[in-house]
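Colleague: Each chain, letter by letter, is given below.
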Amino acid sequence: MWEWLSKLQAIDRRWIYLSIWVACALPFVVNIKLPVYVSPETRRLYEFIEKCPPDKVVLVDSAWDAGSQGENWGQVEVVFEHLFRRRIPFIVTSVEITPLGAQFADKVIEKLVREKFPDRKYGVDWVNLGYTKGGWQAIQQIARDIRQQYKKDSRGYSLDDAENLPLMQRVRNIEDIYLVYSVTYSPMEDWIPFVHGVYGTPIAFGCAGIQSTTYYRYLLSGQLVGMLVGVRGAAEYDALLHPDIRERNSMGTRLIVPQAFGHLVIIVAVILGNIGYFAARRRRG
Amino acid sequence: MEGAQTWQIWLAAIVTLGIYSYLISDNKLYRLLLNVMIGLGVGYNFIVMWKQVLAPLWWEPMVQGFSAVFSGFAPGSAQALWVFVGLLGTLWYFQFSRKYLWLSRIVIGMTLGAGAGVVFKQQLLMNMPQIADSFRPLIARADGTPLVGGSAAPVSLWMSLNNIIFVGTIVCVMVYFFFSFEHKWAPVRHTARMGRWLLMISFGAFFGNTVMTRMAVFLERLQFLLRDWLHLGTF
Numbered sequence: 072m073w074e075w076l077s078k079l080q081a082i083d084r085r086w087i088y089l090s091i092w093v094a095c096a097l098p099f100v101v102n103i104k105l106p107v108y109v110s111p112e113t114r115r116l117y118e119f120i121e122k123c124p125p126d127k128v129v130l131v132d133s134a135w136d137a138g139s140q141g142e143n144w145g146q147v148e149v150v151f152e153h154l155f156r157r158r159i160p161f162i163v164t165s166v167e168i169t170p171l172g173a174q175f176a177d178k179v180i181e182k183l184v185r186e187k188f189p190d191r192k193y194g195v196d197w198v199n200l201g202y203t204k205g206g207w208q209a210i211q212q213i214a215r216d217i218r219q220q221y222k223k224d225s226r227g228y229s230l231d232d233a234e235n236l237p238l239m240q241r242v243r244n245i246e247d248i249y250l251v252y253s254v255t256y257s258p259m260e261d262w263i264p265f266v267h268g269v270y271g272t273p274i275a276f277g278c279a280g281i282q283s284t285t286y287y288r289y290l291l292s293g294q295l296v297g298m299l300v301g302v303r304g305a306a307e308y309d310a311l312l313h314p315d316i317r318e319r320n321s322m323g324t325r326l327i328v329p330q331a332f333g334h335l336v337i338i339v340a341v342i343l344g345n346i347g348y349f350a351a352r353r354r355r356g
Numbered sequence: 003m004e005g006a007q008t009w010q011i012w013l014a015a016i017v018t019l020g021i022y023s024y025l026i027s028d029n030k031l032y033r034l035l036l037n038v039m040i041g042l043g044v045g046y047n048f049i050v051m052w053k054q055v056l057a058p059l060w061w062e063p064m065v066q067g068f069s070a071v072f073s074g075f076a077p078g079s080a081q082a083l084w085v086f087v088g089l090l091g092t093l094w095y096f097q098f099s100r101k102y103l104w105l106s107r108i109v110i111g112m113t114l115g116a117g118a119g120v121v122f123k124q125q126l127l128m129n130m131p132q133i134a135d136s137f138r139p140l141i142a143r144a145d146g147t148p149l150v151g152g153s154a155a156p157v158s159l160w161m162s163l164n165n166i167i168f169v170g171t172i173v174c175v176m177v178y179f180f181f182s183f184e185h186k187w188a189p190v191r192h193t194a195r196m197g198r199w200l201l202m203i204s205f206g207a208f209f210g211n212t213v214m215t216r217m218a219v220f221l222e223r224l225q226f227l228l229r230d231w232l233h234l235g236t237f
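Just so you know, the sequences run in chain order R and H. Under the numbering used here, the first sequence has 276 at position 205, and the numbering climbs by one with no breaks. Under the numbering used here, the second sequence has 169 at position 167, and the numbering climbs by one with no breaks.
For the record, the hints were derived by calculation from the structure and aren't laboratory data. No incorrect hints appear here.
Here are some, though not all, of the chain R residues that point toward chain H, as calculated from beta-carbon distances under 7 angstroms:
#, residue
1, Phe99
2, Gly201
3, Lys204
4, Pro264
5, Leu291
6, Gln294
7, Leu326
8, Gly333
Pair by pair, the computed Cβ-Cβ distance ranges are:
#, chain 1, residue 1, chain 2, residue 2, range
9, R, Trp86, H, Arg191, 43 to 51 angstroms
10, R, Lys187, H, Ile110, 47 to 55 angstroms
11, R, Gln219, H, Gly119, 14 to 22 angstroms
12, R, Val109, H, Phe209, 21 to 29 angstroms
13, H, Arg191, R, Trp73, 33 to 41 angstroms
14, H, Trp104, R, Val109, 52 to 60 angstroms
15, R, Asp126, H, Trp104, 49 to 57 angstroms
16, H, Phe98, R, Arg243, 41 to 49 angstroms
For each residue, glycine too, the CB sits at the ideal point set by N, CA and C.
Next comes chain R alone, as it looks inside the complex (with noise of 0.2 angstroms):
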């Protein structure tokens, strides 16, 4: 028996992969449903945007791609419809990290408006800035003067154009932002130090699951006022904007129970391999 068992820690990757694929695919098949619990640092974030005043605006910067959209997507779509609902202007930045940043905002932003929000105006509820590179200056510049590292946005539009971009025309420095929200795959933190650090405005990140633990000490310091953490994020932050579970269709609510699936075949894949290990030593005496 001992020997057979041995066998388990050799099994094909192959077959952890097609087991992987089916428990993944089964839930996009058969409509699955399980409950969210909601964590501390979703629930943090949505209600520091329920708080927001009506003269304020938030900064967006969303620097994410193809790469990370499993779980960006999610993250950015929750709270750009938590904004559009509140009706709190936002303007949308991609600094550094990747140039599809904008674009891939745009797309989360026209499918809202297209399936929720059709009254919502570009220029008047959001204005997306587009790419720009920098780091640390870049995020400093945005800072002390938005109009000195943008000079138009995305569309073409001059920041001054007060036709087009009404809502740019209240907005100068970061004392007119209420939040930044950074998403991305791993948020650039120079956000804390540059911008919360020197005017004290309020950041929240949404981020990779893998990168997550190593921000997590900055929520315990209160240097972030929320975070999403990955999928689980995103459909947290779902569950809390519908409380009902059938208006619920963002991605993160679509991936979260594939996930949960996929997550059980790894758990026995590691109790399988364990076991495997074990029987080996006892074969060896």
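Fit chain H to the supplied structure of chain R, relying on the hints for placement.
Modeller: Relative to the frame of chain R, chain H by itself:
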């Protein structure tokens, strides 16, 4: 891929499957697609960099500055000075020349100097709140304030336990990283061992989150293949 045409969806599906074919074994299709993706990325990056960064922030002000200079030093002539920034930037490329390598060191030195200054500010502003936050009362009230000199909130067992674990973890891990003396004394040895265990737990959390992220990347593609390409699925 909302709004995408059929041929675009098919192309995306073929590329996705071609990339995943690496799971079976390394193959020519995978390497071809990889090179195409790198080429597209570099080309796109260059265009966006020029159109959205270099042109509006450097080229256009510089050209306007020279126009002003040639119009008899009209207002805005100072913007012509941007040309020197461009010249400084080109010094980087002398790294490719053995003879003129020293020129690139000028701009490297400037970058290092600016970077060092900024890192000092950055680390101070980023880590001082962290250090301040690590001083926590071991007997805490519900709002986190200490028993002595705190607010009128009742003492919270949960908050106190949380703080004890937090401070205990910091102490244990720091003791583990004392390498300048041997861990012979039993209290130090046990504390360091506990620190190592706590580090292992944090590495486990890292690894768990890694799996979560990789899974999310895969699920997004799986959703595309099932829903957008094969029209299967409940969403």
